[in-house]
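**Student:** Residue-level listing of the chains:
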Amino acid sequence: MKTMEKRYRCRCIVAGSGEGEAIVSTEAMCFYLCDPETGTVIEKGHPLQGRSIAGKILLLKSGKGSSVVQVDGLYQLSVKGTLPKAIIVADTEPVLVSSSVVVGEPMVDHMEVDPFEAIADGDWVRVDADEEEIVVRKSS
Amino acid sequence: MILSDDEKRMLDGSCGPGVQKAMELQVALGKAFDAERMIDVSRAHVALSGQEGDTYWCELLVNGGAVCKVTPTTNPCWDVKMLTNHYGVSQAELDLALRTIDVYRRIGARLTFCCTPELAGNVPSFGEHVAFSESSATPYVNAVLGARSSRESSVSALAAAVTGKTPLYGLHFDENRRGTMVVDIDFWPDEPYDWGLLGWCIGEFAGTEVPVLRFRDRPCRPSPEALLYLGAELNTSGAVAMYHIVGVTPEAPTIETAFGAAPVPSSSQTVTRADLKAKEEALSEEGGKINLVMLGCPHYSHEQIRDLEVLMRGRKIHDNVAFWVLTSFEALELAERSGERRRLEDAGVRLVPDTCIDEPCWKSFEGGLGVTDSPKCMYYRERRGQPFVVRRLSECVEAAVKGEVS
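Chains as they are written, first to last, in numbering that gives the first Met the number 0: chain H, 0 to 139; chain G, 0 to 405.
Extracted from the complex, chain G is given alone in its bound form (with noise of 0.2 Å):
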């Protein structure tokens, strides 16, 4: 790889141990792929977890006397705050998260907290260089608004904001943004639900292309909300960091400019909405009484969150289950003051803002049955011993009413 004299005196240890152990990990990577030289980032996003092993990293880096030169947002950990209270954890994992909180705030991160930061807060725009991790954020920033991110882990990118440099390779190049493939799809997803299922399916046989989607239809413009969720699931069942939508996304107004100076491929993928349905069964866990349900994954928006209240109107959730929205703190402070909050939680559904489903807060569910309306949920939550049922958001509020989901 070239280097540029400052980032040689990075790599040799003149800037500090901190900055060379993240330039040596962007090195690394930049010959594991081929990468001729570094390209400076305006925007990172780091997809801290909470786990031991990546708030050990951040610690290194920081110890060394590293500091962030862009300053990233960061993933949600979780609500210490308020869930400590209700649930039990141990001294240990209580530390872990306290730990990471410090160290981030240490290194100079922007303590959002939540995982949609490409919704509000950290949006790049169309062109520009950046370093997200997320597997939800990756695919939205580089499809849907049209900037160029690799699917960075969230070490490589906490990496990418103390240098403010990334190794340029595969998507920041425009030729390996052009799609790989086409999906033909013949109808259109109702809700964001629906393009969630969407992409697990598309996910499953596109692995690392670059898919074409194209409509028969289209009626309308799909939300952030269906976008933000079709590309979760693609990088969730696949790893998919980039796709398009012929005549909705930015690098598609035609499906001859979606694949640039290839020629379109004659044969396709297709998925129809018995696809969606028959992946919903596979997914789900069977129906039964249920202790749980958990929607924001990612983070609800305050749109989502709406739509929630106007479903709940009347109803009130059963003694046996709670009810747990995971937000960002933005659309929190904004259901509070527009008065969603407080009616929400007459019904018995409770806000959180902070918190990821794959945190140990969660464990005193663990060996019951959930609900949510997101298969990523359901992916990860299955990890630590929780069987989700996978339903719609209407589904989602009949099952915390009745205590059960058939």
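So that you can see chain H by itself, here it is in the shape it has in the complex (with noise of 0.2 Å):
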């Protein structure tokens, strides 16, 4: 098996690190509708429906919902070790950030690189935000 490893530059939001398996997320997330227990996506026809983002790295399309839900959604799931490892954001909007510096949840966004293109489903990523670094390693 052949490892293909590619390092891009980003930008930090919120400081800290992680790695683990990617799940992509094309569409904006609420975090009130994860299960706080598993970190499984609850919402209805959401394209992660069924699937945990624990443990993982999280490319999150963007946020959504009110600043109340969204904090209490992110703030669940760290009472229950259930947060991703870090998140990956393409579309950045206020209350996703604001929620993720409450919980200290790791978030980097401006990849230089498309990250939908760049990062798949399965992949390993590790995400440094106070390097500005995210480093991607497909397996093949």
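Some clues are possibly wrong.
Heads up, simulated DSS-like pairs for lysine-lysine below, C-alpha to C-alpha not over 25 Å straight-line [unchecked claim]:
hint, chain 1, residue 1, chain 2, residue 2
1, G, K30, H, K63
2, H, K63, H, K79
3, G, K80, G, K30
4, H, K60, G, K30
5, G, K7, G, K30
6, G, K276, G, K288
Please keep in mind that the hints were generated in silico from the structure rather than gathered at the bench.
Starting from two chains that each stand alone, build the complex the way the hints lay out.
**Tutor:** Pasting the structure below:
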């Protein structure tokens, strides 16, 4: 098995780092609609419905929902230890930013290439927000 | 972002971990909006919710040594003294409310527990830079008072209260406050209720735009309550934090002024009286027997309590109906002094301060049908499992007396 590793620049929004398996959400997410016990997305009709974001690197289109529910959603995941290891966001929006700072969830944006082309479900990804770097390892 | 020495000290932890966390949040927000720097704020309003995530954030700051530099007013949670005796809440729900009240007291907030601070108690003046969360308050301070506030969340507004700063972007700049679309309205809304429905209609197509409302005729000035309801719904069905009404709001003496250097768009959206009626029907549940009438989202003013008292004269509410009016402690005190409270209570209507519709204290009504004059109330209560019929005040009173609504 050949492993391809690539490094990309990005911008730090919330400091920290994390690595793990990538899970890709091409749509915006409201974390209130995740089961805190398992990190499983329960929003009806969401592309990630039925899949868990716990312990993964979440590539996310954007956030949605009011600040009250988004903050509480991420908070409940943090209490249960089911947060993603880090979030790479495509379209940054303020509620998602505020909520991630509250729970100390590492977050980056402005990946130098289109993140949805560079990262696929199941890739191994390391996000280092402090160094503003994303490492992607594809298995083929 | 370019930070002052003072701001750098907050960010590097020299002022303690609580202040550091608050500044981290604001720098992250500033980056997200490409703000070049921070600006001082002179007022803040925190839309505390009594939800655990929000309370946790306040604890994180205060346990890290933070206290508010700018004393913020606060949104309601629920009146634990009055309502615990009436309705079943779990020990965990009561504990969370008490924890919320305690932690906001410790961080140095002004515990007003009222969602309409801009009408009394925390009123910014024209041009003042402030950090106001609460979806009904942000459009009011921007559009009606001419103060400058971003569409803050409760957590970012609390951070602003702690640091005394907010990232400089968006509505803090004159050019971003200009209108971006025209809405033509060929009727004059009668009551705050109609203004609320109008706001809901416009919010649906305005999204994050800055709508400029142009009325064909303006027989009088809209009341503060009318403008409050307009903004509350604009910012519930949409994300409108700034709007103009030509000839009414301070940054729109003429339609040309509302658009600044840009030309007035030749095309416009329209809203008619028939649209309001259709919206009322679309938002509302089917009628039927009711168990609750809930008014005061946003909090009822003393003027609205007086209007209600006039409508209730000589009438009594149905045995199967609870009638609650949510209001500010100030309006409640005025209603006590001026006599409306006693007369309303004799008719079966109860007034409660410090309380929001979206709290666990109301859960014993869930499963039944409610009536309200607020689409915002309907929207948030639906999430908690109680459907609402939306009607104007006089029809809410009729429903309360009959125990049902058609």
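**Student:** Is the straight-line distance between the alpha-carbon of K80 (chain G) and that of K30 (chain G) 25 Å or less?
**Tutor:** Outside the cut-off at roughly 43 Å; violated.
**Student:** Is the hinted pair K7 (chain G) and K30 (chain G) satisfied, with a Cα-Cα distance of at most 25 Å?
**Tutor:** Distance of about 15 Å is within 25 Å: holds.
**Student:** Are the Cα atoms of K276 (chain G) and K288 (chain G) separated by 25 Å or less?
**Tutor:** Holds: K276 (chain G) and K288 (chain G) sit about 22 Å apart, inside 25 Å.
**Student:** Between the alpha carbons of K60 (chain H) and K30 (chain G), is the straight-line distance 25 Å or under?
**Tutor:** OK: K60 (chain H) and K30 (chain G) at ~18 Å, within 25 Å.
**Student:** With the threshold set at 25 Å, check whether the alpha-carbon distance from K30 (chain G) to K63 (chain H) stays at or below it.
**Tutor:** holds, 19 Å
**Student:** For the pair we were handed, K63 (chain H) and K79 (chain H), check the Cα-Cα distance against 25 Å.
**Tutor:** holds, 22 Å
The structure shown violates just one earlier hint, number 3.
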